[in-house]
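Trainee: Spelled out from the first residue to the last, the chains are:
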Amino acid sequence: MIQNIVNALERVRACAPLVHNITNYVVMNNTANALLAIGASPVMAHAKEEVVDMVNIASSLVINMGTLSEKWIESMVIAGERAVDRGIPVVFDPVGVGATAYRTEAAQTIIERCKPTVIRGNASEIMALSNANVKTKGVDSTVSSDSAIDSARLLAHETNSVVVISGETDYITDGTRVVTVDNGSLLMPKVTGMGCTATAVIGAFAGANEDTFLATVAAMTAMGIAGEIATEKSSGPGSMQMNFLDMLYALTGEVVESRAKVTSAN
Amino acid sequence: MIQNIVNALERVRACAPLVHNITNYVVMNNTANALLAIGASPVMAHAKEEVVDMVNIASSLVINMGTLSEKWIESMVIAGERAVDRGIPVVFDPVGVGATAYRTEAAQTIIERCKPTVIRGNASEIMALSNANVKTKGVDSTVSSDSAIDSARLLAHETNSVVVISGETDYITDGTRVVTVDNGSLLMPKVTGMGCTATAVIGAFAGANEDTFLATVAAMTAMGIAGEIATEKSSGPGSMQMNFLDMLYALTGEVVESRAKVTSAN
Amino acid sequence: MIQNIVNALERVRACAPLVHNITNYVVMNNTANALLAIGASPVMAHAKEEVVDMVNIASSLVINMGTLSEKWIESMVIAGERAVDRGIPVVFDPVGVGATAYRTEAAQTIIERCKPTVIRGNASEIMALSNANVKTKGVDSTVSSDSAIDSARLLAHETNSVVVISGETDYITDGTRVVTVDNGSLLMPKVTGMGCTATAVIGAFAGANEDTFLATVAAMTAMGIAGEIATEKSSGPGSMQMNFLDMLYALTGEVVESRAKVTSAN
Numbered sequence: 000m001i002q003n004i005v006n007a008l009e010r011v012r013a014c015a016p017l018v019h020n021i022t023n024y025v026v027m028n029n030t031a032n033a034l035l036a037i038g039a040s041p042v043m044a045h046a047k048e049e050v051v052d053m054v055n056i057a058s059s060l061v062i063n064m065g066t067l068s069e070k071w072i073e074s075m076v077i078a079g080e081r082a083v084d085r086g087i088p089v090v091f092d093p094v095g096v097g098a099t100a101y102r103t104e105a106a107q108t109i110i111e112r113c114k115p116t117v118i119r120g121n122a123s124e125i126m127a128l129s130n131a132n133v134k135t136k137g138v139d140s141t142v143s144s145d146s147a148i149d150s151a152r153l154l155a156h157e158t159n160s161v162v163v164i165s166g167e168t169d170y171i172t173d174g175t176r177v178v179t180v181d182n183g184s185l186l187m188p189k190v191t192g193m194g195c196t197a198t199a200v201i202g203a204f205a206g207a208n209e210d211t212f213l214a215t216v217a218a219m220t221a222m223g224i225a226g227e228i229a230t231e232k233s234s235g236p237g238s239m240q241m242n243f244l245d246m247l248y249a250l251t252g253e254v255v256e257s258r259a260k261v262t263s264a265n
Numbered sequence: 000m001i002q003n004i005v006n007a008l009e010r011v012r013a014c015a016p017l018v019h020n021i022t023n024y025v026v027m028n029n030t031a032n033a034l035l036a037i038g039a040s041p042v043m044a045h046a047k048e049e050v051v052d053m054v055n056i057a058s059s060l061v062i063n064m065g066t067l068s069e070k071w072i073e074s075m076v077i078a079g080e081r082a083v084d085r086g087i088p089v090v091f092d093p094v095g096v097g098a099t100a101y102r103t104e105a106a107q108t109i110i111e112r113c114k115p116t117v118i119r120g121n122a123s124e125i126m127a128l129s130n131a132n133v134k135t136k137g138v139d140s141t142v143s144s145d146s147a148i149d150s151a152r153l154l155a156h157e158t159n160s161v162v163v164i165s166g167e168t169d170y171i172t173d174g175t176r177v178v179t180v181d182n183g184s185l186l187m188p189k190v191t192g193m194g195c196t197a198t199a200v201i202g203a204f205a206g207a208n209e210d211t212f213l214a215t216v217a218a219m220t221a222m223g224i225a226g227e228i229a230t231e232k233s234s235g236p237g238s239m240q241m242n243f244l245d246m247l248y249a250l251t252g253e254v255v256e257s258r259a260k261v262t263s264a265n
Numbered sequence: 000m001i002q003n004i005v006n007a008l009e010r011v012r013a014c015a016p017l018v019h020n021i022t023n024y025v026v027m028n029n030t031a032n033a034l035l036a037i038g039a040s041p042v043m044a045h046a047k048e049e050v051v052d053m054v055n056i057a058s059s060l061v062i063n064m065g066t067l068s069e070k071w072i073e074s075m076v077i078a079g080e081r082a083v084d085r086g087i088p089v090v091f092d093p094v095g096v097g098a099t100a101y102r103t104e105a106a107q108t109i110i111e112r113c114k115p116t117v118i119r120g121n122a123s124e125i126m127a128l129s130n131a132n133v134k135t136k137g138v139d140s141t142v143s144s145d146s147a148i149d150s151a152r153l154l155a156h157e158t159n160s161v162v163v164i165s166g167e168t169d170y171i172t173d174g175t176r177v178v179t180v181d182n183g184s185l186l187m188p189k190v191t192g193m194g195c196t197a198t199a200v201i202g203a204f205a206g207a208n209e210d211t212f213l214a215t216v217a218a219m220t221a222m223g224i225a226g227e228i229a230t231e232k233s234s235g236p237g238s239m240q241m242n243f244l245d246m247l248y249a250l251t252g253e254v255v256e257s258r259a260k261v262t263s264a265n
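Protein chains in written order, with numbering that gives the first Met the number 0: chain A, 0 to 265; chain U, 0 to 265; chain Z, 0 to 265.
Do not rely on the hints blindly, as some may be mistaken.
Here are the computed lysine-lysine pairs in the BS3-like style, where the Cα-Cα straight-line distance is at most 30 angstroms [to be verified]:
1) Z:LYS70 to U:LYS47
2) A:LYS232 to Z:LYS232
3) Z:LYS114 to U:LYS47
4) U:LYS47 to Z:LYS189
5) Z:LYS232 to U:LYS232
6) A:LYS189 to U:LYS232
7) U:LYS260 to U:LYS232
8) A:LYS47 to Z:LYS47
9) U:LYS232 to A:LYS47
10) A:LYS232 to A:LYS189
11) Z:LYS232 to A:LYS47
12) U:LYS189 to A:LYS114
13) A:LYS189 to Z:LYS70
Simulated restraints on C-beta separations [said to hold, decoys possible]:
14) A:ILE56 to Z:ILE56: 29 to 35 angstroms
15) U:GLU253 to Z:LYS114: 58 to 64 angstroms
16) U:GLN2 to A:ASN3: 55 to 61 angstroms
17) Z:ASN55 to U:GLY86: 38 to 44 angstroms
18) A:ASP210 to Z:THR251: 34 to 40 angstroms
19) U:ASP84 to A:ASP181: 44 to 50 angstroms
If you are wondering where the hints come from, they were derived from the structure by calculation, not from laboratory data. Virtual Cβ for every residue (Gly too), placed ideally from N, Cα, C.
Bound conformation, chain A alone:
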């Protein structure tokens, strides 16, 4: 597994996949920087007049609903449907689903129409996606990751996607297999958009690797390792965010091999 993760990282660097992001205003800058640091080529474009053309040259599409509005949902759907037609991966981040009815409906629309290949959220979000009774508090999780595994499996089955619950331990499942990644640090949720960054990095790995499940595990491992080394070098969330980009950029196969805490847990 670890060797496959290393290979997946090397393919990102070799391919420099063009990752088309329709994402939220808060994280556009840091997700673009994370994509550049890992070796991908980011593009942000949201006008309905151009998203089809952009998807046509992209290796993957990332849809993140952090700061929604009608026109953006419309563009997400147009882009997502074109990505499905082209057969490129669609990675979906249902930010804050469950916090408002509007977000819950938007997430359902996007899942139906854009058929995401990968869905990444925190435990609250993943539970909200498969169970309308869960309330999330804004965009931060209110439940622990392991309590959401059954929801994640179910969601993966129903949507035929790879589902990621990110948290202190990350869980990646395709409905059958479950892999856990225990890298990362407690400082990561103190930087805004670390989850959104994980979603974007999954877009990079999925755009450069055929095996979406492996690509997702590799992306979460790279995120976690870069985050934990960055935390060791940092005195707070400000320096952590800076060091995180440096670490993502400098990440080597050797570091992945010595650090990765990846387990098959099904």
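Given chain A, work out where chains U and Z should sit, using these hints.
Mentor: Quick look at chains U and Z alone, frame taken from chain A:
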């Protein structure tokens, strides 16, 4: 007073208030990071379809008009009116008011409809709000803070709010009392959105503390102390912004006690 | 030439020009910070109701089409036409032109209506502007800078503007003269929006200096030198971005004199 400020900070950390921000594109990332660093939970959402739901779960609402447009003003008003109904604090940042007629009218509409609990601006902005004859130069102040005190008192009286003039010395007034905070550094205005960050941090303190005047004084003190320690550690505005988040995250009651330069000046 | 560049930098600091930016969501924060660091006063405003008022008090206008949509194009044109009327410099960044038909058309509209004084792009973008047959890959260049010089000269002649191709070597031409700047580092394209930052910094120099060609050369030299010193101090793109702002802020005439690699190459 200092002990009350320390207690106010501790309540932010204990409550982790959900702060709903309808703010400008330029500062979304840094204000979200500042809110996380101080111990709050930020959410950014602006669609008119969901702002009421978001206000319903929020502890406070921050309205910042830095990058205005019609739809955003509409959402600010809807959210603000709901916040008034619920009785949660509304903190308003009239960025660039006075620079264009559009901004001046928008600020008046927001004050009328959203009845802000706290208004924070630089000296030019506060003067422009209470006197249509003052011209601001873009978003930076062209007058000194102390020349705006009378305007701030008047504005506080007229709007029944706490008004903050931020600058080298910060002035906080409820129309009767005036408190000054002399923390901070001259490097702070060289980082974009430090004023907007102050507004967001006031949102965190006001969301966790009943006494809005104290919450505002405490927020400005925390900002100033974090900024001045960060400046001591930095060689320019880039490193200052990073260190500022680290300092906000690490801020303790002891540091506040030893650094705070807060005076009642009425 | 070098002494003129130093003088141009000093004029930016002395004038603190108000630079009105209608730019993309990804880079608003870092371009605002770069403008503050170099000594300018940035303002971001895009509502069609206020852009004329903002242009009326601005020293220059920066139009950047990174994250386009209909309303933003409309505002860019309104602002640009007012800037032409007032005779203030218009600096245009045709981000991703050639990647989609929508961008190509928008760029043509902006050039026709806003008559930019300076156009800055990477080699792919400049070639796409003067030759519809060039395809760009998202927003990153796929061709080398020197292969685009003829396109840049032609574009400068046709549009009566100063054209910049930025890359490992920067080329600045008014159609007749060609100046190259060899400062900078290979880490710079690993930080998102470094090109957009260059465009904004040109806006600062052009807003404070009569000679637009010299202002543009000076801006690219300042960018390159700040970038190369920052890179020497950094271990990756995260720390580079931070150090870049510190260096831009600390840049002195002496450093420019000792570092500048500027050649007339026509």
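Trainee: Next, verify each hint and record whether it holds.
Mentor: Hint check results:
| no. | hint | in the structure |
| --- | --- | --- |
| 1 | Z:LYS70 to U:LYS47 | holds (18 angstroms) |
| 2 | A:LYS232 to Z:LYS232 | holds (16 angstroms) |
| 3 | Z:LYS114 to U:LYS47 | violated (37 angstroms) |
| 4 | U:LYS47 to Z:LYS189 | violated (37 angstroms) |
| 5 | Z:LYS232 to U:LYS232 | holds (16 angstroms) |
| 6 | A:LYS189 to U:LYS232 | holds (21 angstroms) |
| 7 | U:LYS260 to U:LYS232 | holds (20 angstroms) |
| 8 | A:LYS47 to Z:LYS47 | holds (20 angstroms) |
| 9 | U:LYS232 to A:LYS47 | violated (46 angstroms) |
| 10 | A:LYS232 to A:LYS189 | holds (15 angstroms) |
| 11 | Z:LYS232 to A:LYS47 | violated (42 angstroms) |
| 12 | U:LYS189 to A:LYS114 | violated (45 angstroms) |
| 13 | A:LYS189 to Z:LYS70 | violated (35 angstroms) |
| 14 | A:ILE56 to Z:ILE56: 29 to 35 angstroms | violated (40 angstroms) |
| 15 | U:GLU253 to Z:LYS114: 58 to 64 angstroms | holds (60 angstroms) |
| 16 | U:GLN2 to A:ASN3: 55 to 61 angstroms | holds (57 angstroms) |
| 17 | Z:ASN55 to U:GLY86: 38 to 44 angstroms | holds (41 angstroms) |
| 18 | A:ASP210 to Z:THR251: 34 to 40 angstroms | violated (53 angstroms) |
| 19 | U:ASP84 to A:ASP181: 44 to 50 angstroms | holds (45 angstroms) |
In summary, the numbered hints that this structure violates are 3, 4, 9, 11, 12, 13, 14 and 18.
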